[in-house]
Every structure is written in C-alpha cells, then in structure tokens.
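Undergrad: Letter by letter, the chains look like this.
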Amino acid sequence: MTNPFTASPFVGKTFGVTVEHLTKRYGKTTVLADVSLEVRPGEIFCIMGPSGSGKSVLLKHVAGLELPTSGSVRIGHFDAADPATRNQVHLALVFQAGALFNSLSVYDNLALYPREHREADEAGIRDRVMHALQILSLEKAALKFPAELSGGMKKRVAIARALVMEPQLLLYDEPTSELDPVMSATLTEIIATLREQTAVTSIVVTHDSTLALNIADRIAVLMDGRIRATGPTADFKHHSDPVIANFLNPVIDLQNPRFKQLEQSHE
Amino acid sequence: MNNTSQTIRVGLFFLLGLALAWITFESLNGGRIFKQQGYTLVAGFANLKGLKTGDEVRMAGVKVGAVKLTRLAAHRVEALITIEPGTKIPNDAVASVEQSSLLGSNYLGVTFGTPTNPLLQDGDEIKTKPTVDMSEVIAQLGSLGSKLESVIGEVGQALGTGGENGNLFQRLDQLVTANGPKLTETISNLQDITAKIKNGDGTLGRLVNDPKMHDELLATVTEFKSAAADARTFMADSKTIVADLKSGRGTIGTLLYDETTAANLKISMQNIRDVTTKINSGQGTLGKLLADDQLYRDAQGVMKKADRALDGLSDQGPITAVGIVANALF
Amino acid sequence: MKHLLAIIDSIGCALVLLWRSAKHLGTLPRQFPRFIEQCYLIGYTSLPIVTILLFFIGCVLALQSGYSMENFGAKQFIGTLVGLTMARELGPVMVAILVAGRVGSAITAELASMKVYQEIDALVTMNIPPERILVLPRLAAILVMMPVLTIIADLCGWFGGALVSQFTHSISVDSEAYFTALKAYMKPHDITDGLIKAEVFGFVIVLVCCHIGLSTRGGPREIGASVTKAVVTSLILILVLDYFVTKALLLAT
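Residue numbers (our numbering), protein chains in the order written: chain U, 311 to 577; chain R, 6 to 335; chain V, 268 to 520.
This is chain U alone, in the form it adopts within the complex (with noise of 0.2 Å):
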C-alpha cells in the first residue's frame, strides 16, 4: 500500500507560524504577556514550561480556538483567530486527554472528519482510516468506544485521527502526560517518525524534558506567561539559566525540599 501521506499534496505544502506580542487576559488575570515566537516550516518545535505556565493557552492561539486580546498569531501568512483560515490550512490538535467523540467508535472517530469533508468516498476513507490505524498499530481498536479504551490508546486515537486529516500543521497538547514512560517513549518516536514521513510542522508542548530534548528542533520555555529562553535544543541541554536547568533537570534535594522554598516565597 502507499503511503497516503507522503503521496499526497500536501506534504511540502506545510506551514510556519509566527507569534507576535501575543498578550491574553482573562479578567485581570494576565495569562500570557507580550510572547513572541517563530516556527519554522517543517520543524518540531516544543513549548515547554511548567504547570499553569499558559502553554496550553498559547497552543489554542494558534488553533485559532482563543482570540488574543492583542497581538497576532499567523500560521504562513493567515491570521489564526479568523475562522476562514481552517479552510486554507489543514490543521490538527491532539488534545491532552484525547478529547475523542464519545458517542462514535474509534472508526467512526477517524472517518468523520473526511465524511464531513467528502474528501473521499467510503471506501477511500476506510483505506485512509485503516491506514491511519496501522500506522499507530490500533487496527483491533478500531470497533471499540473511547470509553473502553486506556490513556496511552487514547492519545494515539487522537493522533490517528489528526492524521486522517493530512495536516498541514499539527499540535500536540501534552502528548505524553499521564503515561508510563515506555508510552511516553513510544509517543516521542511516534511524533518524530511523522514528522519525518510527512515533513509536516510539529508544535509540541510539554512538560516532558526527555521528549522536548530527544526530538526537538528548537525549544521555548515559557514561564508564568512569558518566554524565558528561546534557542536550539543543543542550548538547553546544559543551560546557563539556573532556572531553565532546573526546571530541564530538576535535582532532587530532601535537605533543602521546594515546597518549603515556595512556603517561603509566599509568606
């Protein structure tokens, strides 16, 4: 069988995306201040930082599921938050719990967004779903619900079903949070393999060092909404930031715990 994606039009088609003094609020609450950043066509480009950083956030910016209250995002040369650009732009997130149609099975899952499109008939879509499904080696999930499915399986569903989509830039939110660290090294492999075979633009935001170290090309951190470091994965393996080196490879010190440090830091 040939490779769907590789033989289809879009591979080389694939975007670059450019944000720009992106500042977002919610209420008084500043989520993201003035964050500027350039993903270069055909990278894997990962947004680390730690929890409640507004790396998330700054993902749904680019999907064009959050409007910035100002600033812009552009994906090539289309502005993110305009709602027509998904009609330029082939674009897929894989959601940090899957975020998988409950009320279809795992087949139904993939085919409906090439239904919805008629980009195929039925038969061109079973091929395109099965090959979907091998690709991730979920052919005997295909008749399952998401309901019966564990973590791990979840996220490669719904990276199945971004690539049933033939994206043209992929998201990925949290790929290998809440999974063993074989599925989490199985996760790394997955995205870099797809990247290679599609040459398609990977942001990928995590929290996990091993994964941004292992398969990124470039790296931001982002800290308490706004990017601490920017730069090559090779800068971070040893980082001059004590923070960023922390933060990459964290020591574990019982003589002198952080929770303590952040009791202090709050008093």
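I should point out that these hints are in silico values taken from the structure, not numbers from a laboratory. Positions of the beta carbon are idealized from the N, C-alpha and C atoms, including for glycine. Treat the hints with care, since some could be wrong.
[Said to hold, decoys possible] Below, a list of computed lysine-lysine pairs in the DSS-like style, where the Cα atoms sit at most 27 Å apart: (1) R:Lys73 to V:Lys496; (2) V:Lys450 to R:Lys57; (3) R:Lys230 to R:Lys187; (4) R:Lys230 to R:Lys244; (5) U:Lys464 to U:Lys454; (6) U:Lys464 to U:Lys450; (7) R:Lys57 to V:Lys454; (8) R:Lys93 to V:Lys450; (9) V:Lys454 to R:Lys93; (10) R:Lys271 to R:Lys309; (11) R:Lys132 to R:Lys93; (12) R:Lys73 to V:Lys450; (13) R:Lys57 to V:Lys514; (14) U:Lys338 to V:Lys269; (15) V:Lys496 to V:Lys269; (16) R:Lys68 to V:Lys454; (17) V:Lys496 to V:Lys450; (18) V:Lys496 to R:Lys68; (19) R:Lys73 to V:Lys454.
[Unchecked claim] If you want the footprint, here are the derived chain U segments under chain V, 3+ residues with CB under 8 Å: (20) 372-381; (21) 420-427; (22) 520-528.
Here the structure of chain U is known, so what remains is to put chains R and V in place on it, guided by the hints.
TA: What follows is chains R and V alone, placed relative to chain U:
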C-alpha cells in the same frame, strides 16, 4: 442501536403522526386542513341588534355558516355571511337576527324558502325581515302582565265572596294542598278522558263527537230528572225525619197534624223546588261546559253548587272535596 | 442591569447560533442518518411518557371540569372544554414541558460534556462547525417530531377525558355526547394553532438547550449546572412564549 431498525421506527412513528392528524382533521372538517371557502351572501338590515363577526348562521337551527363582516351601508347595515359549501339557499329564504339566549348572543336565522326556487349564488343578497327586539317583547310582556293582573284582580273579587271557609281561592289552595297527589292523578285521568273524548272513545266522547248521541243525552237527562224526583222524595223524607228529631215526636201522624211541621214541610218543598230548578238549568250548564269556551264561569257555577251541596250534606260524613268537585263536574 | 445584559446577551448568542446553523441547511440531506437518530431520541423515545401523561391530564381535566360545571348545568360541554383545552393549550404546553425535561436536558448534558471534554474544540480544529452536526439535525428533528407528539398528545387527552366523562358516576356524559360536543366547537385551526405552538416551543427549547450546552465553561461540575439552567430557562420560555404565541395566533384568526 441498529441503524435500520431506528430508521424504521422513526418512519413508522412519523407516519402514525400523519395518520392521526389526518383522522383528526377528517372527523372535524371532512379531511380539509383549512376550511373550504363557501359562498358569501349579503344581508341588509335596519338594525343588526349586536350581530357580530363570527356569529353563526343557522338554517332551522343547524349551523350553515358564519357572519364574516358587518358594515354600515347607505341607510342600512349589511352583514356579509359565509355559507358553507353545499348548503342550498333558495332566493325566497328570509334571514333575521335571532337571539339564542337572553344573555344576548345572537345568530342569523335563515328560513328554508321554497326548494323549487332558484338558489342564491355567491354575492347575492338574501331577503331579510326586521327582527323582533327582545326588549320590545319584554316591554309588551310587561304591559300584558299588568293587564293580566287587573283582570285577575277582578276575577278574584268576583270569586272572593261567600263560603264559610273564606274565598274560593283560599279554599282551592287548601284543596290543592290537601289533595295534591290525587289532583295529579285526577288531572292525568282528565287528560286520558279528554284524549278519549277527542278520539270519540267513551260515552262523553261520542256525546261530543257524534250528533246522534244527542237524543240519548236527552233521554239521560230525563232519567236524571226522574232521579231528581227520587231525590226530592228522599229529601222530603229526610226533612221529615229531621223535623221529627227536632220536635222529639216519633210518629208521622204528629208530623201531618202539627202546624210547625206543616210550615217546615212548606219550606222544604220550596227548597226542593229550588234544587229542581237548578237541576233543570244544570242541563244547560253541562251543555255549556262541553261546548262553550267560557269554561271558567261555568265551573264557577258548579263550584257554587258544590259549595251549597257541601253545606247541605255537611253532616253526611267526610266526603273529599275532590270527590265533590269531580262529581259536580261529571 | 447586569442580569438584563446577560439575558440580552444570551438571546443574541442563541440567535447567532440559529443563524450559524441555518447557514448549513444545505448539508442536511447528507446528515440524514444523524437526523433520523435525533428524531428517534427526541420523538420516538418520548412517546410513552407523552401518551401516559397527557392521557391522565385529559382524565383529570374532565374530572375537574365535570365537578365544577355541574354547578351550572353545563356538563354537556365537558367535551368542548377538554377538547379545546387539550388542542389549544395543554397538549402543546405539556409536550413542550416534557420535551424540555426529557430531551432538552439530554441535549444540554451531551453538548456541555462535549464542550468540557474539548470535543467541541476538536470539531472546530477539524473545521467541522459544531452547529452543523450537533445543532442543525436536532433542530430539524424537533420540528418534525413536535407536531407528531402533539397530535398524539391531543388525542390521548381527548380519550382520557371521554373515558372519565363516561365512567365517572357524577359526570356520566357518554362518549358519543362528549365527542359531539368536542367536534361542535372545534375548528381545524384550533388544532393547527396548537401544532404551531408546539413547533415554536420545541424549536426554542432545542435552540436554548444547545446554546447553553455549547457555552458551558469549566469542569464536569458545570455540566450539571448547565443542565439545570437549560431546563429552567426552557420552562420559563415555554410559559412566557405561550402567552405571546397564543395572542399572535388569536390575532391572526
């Protein structure tokens, strides 16, 4: 959920709904969802008496349409009425505003007209007649009432004389109260009898309906007369006995040779003559009773007779008033 | 003031939702299976409760009106009263209330959970407008199913009333007299008015419940809150709209 069975169920359910809707409309309106337009007639009146849009048009009490519009035209008011399709109204049918209840809801009544006449077509004008205004009727009823009152007053005066138990009405009242059920029975009997009289059944019926019976009646009256003579004798006897009792003498001889007794006898003879005369005139009363519509006055006479009979026979034990009245009348 | 603005905002959002759904009207034919599924969930599965409830409403209506009309000797009009009340008022309103409780809550719960678990976001990123596959089939289904449910409800109510009128000793109006009285004053537009009312109620219920479901924010706890809000709003809207729709229909005839 099997998709096919779901589709079938939804389909069946929808068809069921359609069928029910169709049945409902069918039974309400002969299968038409929106009422088929009938034809329109114009009815002109001097006064519509509050007939309004939506009121019914009835032919012999059956609804055949509705008032669509009321409007003022030159020197009259017009009601545009919609008649249901299929209702045939000849051109001599007459419309009038009728009142369906005293509360004031009106309808437009239409008479049948002559079936052979040409039928009214859409836009034609229907003949009308001025309507009897209920308030006028009530006013007339009022004046009629006052006249009746005065008449009854006079009648009351006329009847209110004599009688030891007060006037006639009081006694009638007592009589009715005391003998309610019997009266009812009597009246139903009377109805029976009247019906029979009408049909020519029974003696009286034949008497009324058959002129040949007149002779027999005369014969009967003659018999009646002889009976009256018997009664006379009986009365005389009784008077004698009474006189005997009064005077304390026990023998007829005493009766014959006593002056007081003779005087008594004279008085009783006079009485008997009175009675005879009255019985004689009773023939006329009976005739009048059957032929004349002035029943009431005759009845009054009978009543008075009954009254006197009651006076005379008051010591003859309890006889019901109804019995007397019935006897006196028949 | 804040509440007033919130209400106006909700109305506006619901209308926008309606507009967005209407834009996808052309996709309805190929969403036929989805439409049938919604018809099944909205109409078919509501049938038992509608039948039972409206039957007993008809019964109690006949019982109560028999009791009160006896006082002025109008028992022969029980059929008229039950018939017109069922067709014009109680049929559509009770069906709408049942649909709000049974279907509206389900719609809100489903859409709210889809929203909370990011399924809606997933649809948006897949360039499948949620209005198209979630709202439009439901709106179409309720428009088809409401008249069916209402006519069944009307008939159940009428027969309930007839049974009670005939077999209640103190009323004893036989069913022939009952239905004669019912037919005598019932015009076809009384029934069509009822069906129009039911359509309006059903449409508003589904629109409001979809809107509230789709605008849920936060965690699973908010799903319950949204359902409560949707049902309460639907019930209020049914009864408020009932007045205005009735008024408009009376003016139109």
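Undergrad: Given the hinted pair Lys496 of chain V and Lys450 of chain V, is their Cα-Cα distance within 27 Å?
TA: Cα-Cα ~41 Å, so violated.
Undergrad: Compare the distance between the alpha carbons of Lys73 of chain R and Lys496 of chain V with 27 Å, and conclude whether the hinted pair is satisfied.
TA: Outside the cut-off at roughly 47 Å; violated.
Undergrad: Does the structure keep Lys57 of chain R and Lys454 of chain V at a Cα separation of 27 Å or less?
TA: 18 Å, holds
Undergrad: Please count how many residues of the segment 372-381 of chain U have a CB within 8 Å of a CB from chain V and say whether that reaches 3.
TA: Holds, because 3 residues of the segment 372-381 of chain U bring their Cβ atoms closer than 8 Å to Cβ atoms of chain V.
Undergrad: Counting residues of the segment 420-427 of chain U whose CB is closer than 8 Å to a CB in chain V, do you get three or more?
TA: holds (count 4)
Undergrad: Does the alpha-carbon distance linking Lys132 of chain R and Lys93 of chain R stay inside the 27 Å limit?
TA: 15 Å, holds
Undergrad: Lys338 of chain U and Lys269 of chain V were given as a pair; does the straight-line alpha-carbon distance stay at or below 27 Å?
TA: 19 Å, holds
Undergrad: Below or equal to 27 Å on CA atoms is what counts here, so check Lys93 of chain R against Lys450 of chain V.
TA: Roughly 23 Å separates the two Cα atoms, so the pair holds.
Undergrad: Mind checking the alpha carbons of Lys230 of chain R and Lys187 of chain R for me, to see if they're no more than 27 Å apart?
TA: Answer violated: Lys230 of chain R to Lys187 of chain R is near 31 Å, above 27 Å.
Undergrad: Lys271 of chain R and Lys309 of chain R were given as a pair; does the straight-line alpha-carbon distance stay at or below 27 Å?
TA: Roughly 24 Å separates the two Cα atoms, so the pair holds.
Undergrad: Sort out whether Lys269 of chain V lies within 27 Å of Lys496 of chain V, counting only the CA atoms.
TA: 17 Å, holds
Undergrad: Please verify whether Lys464 of chain U and Lys450 of chain U have alpha carbons no more than 27 Å apart.
TA: 13 Å, holds
Going through the hint list in order, the structure does not satisfy hints 1, 3, 17, 18 and 22.
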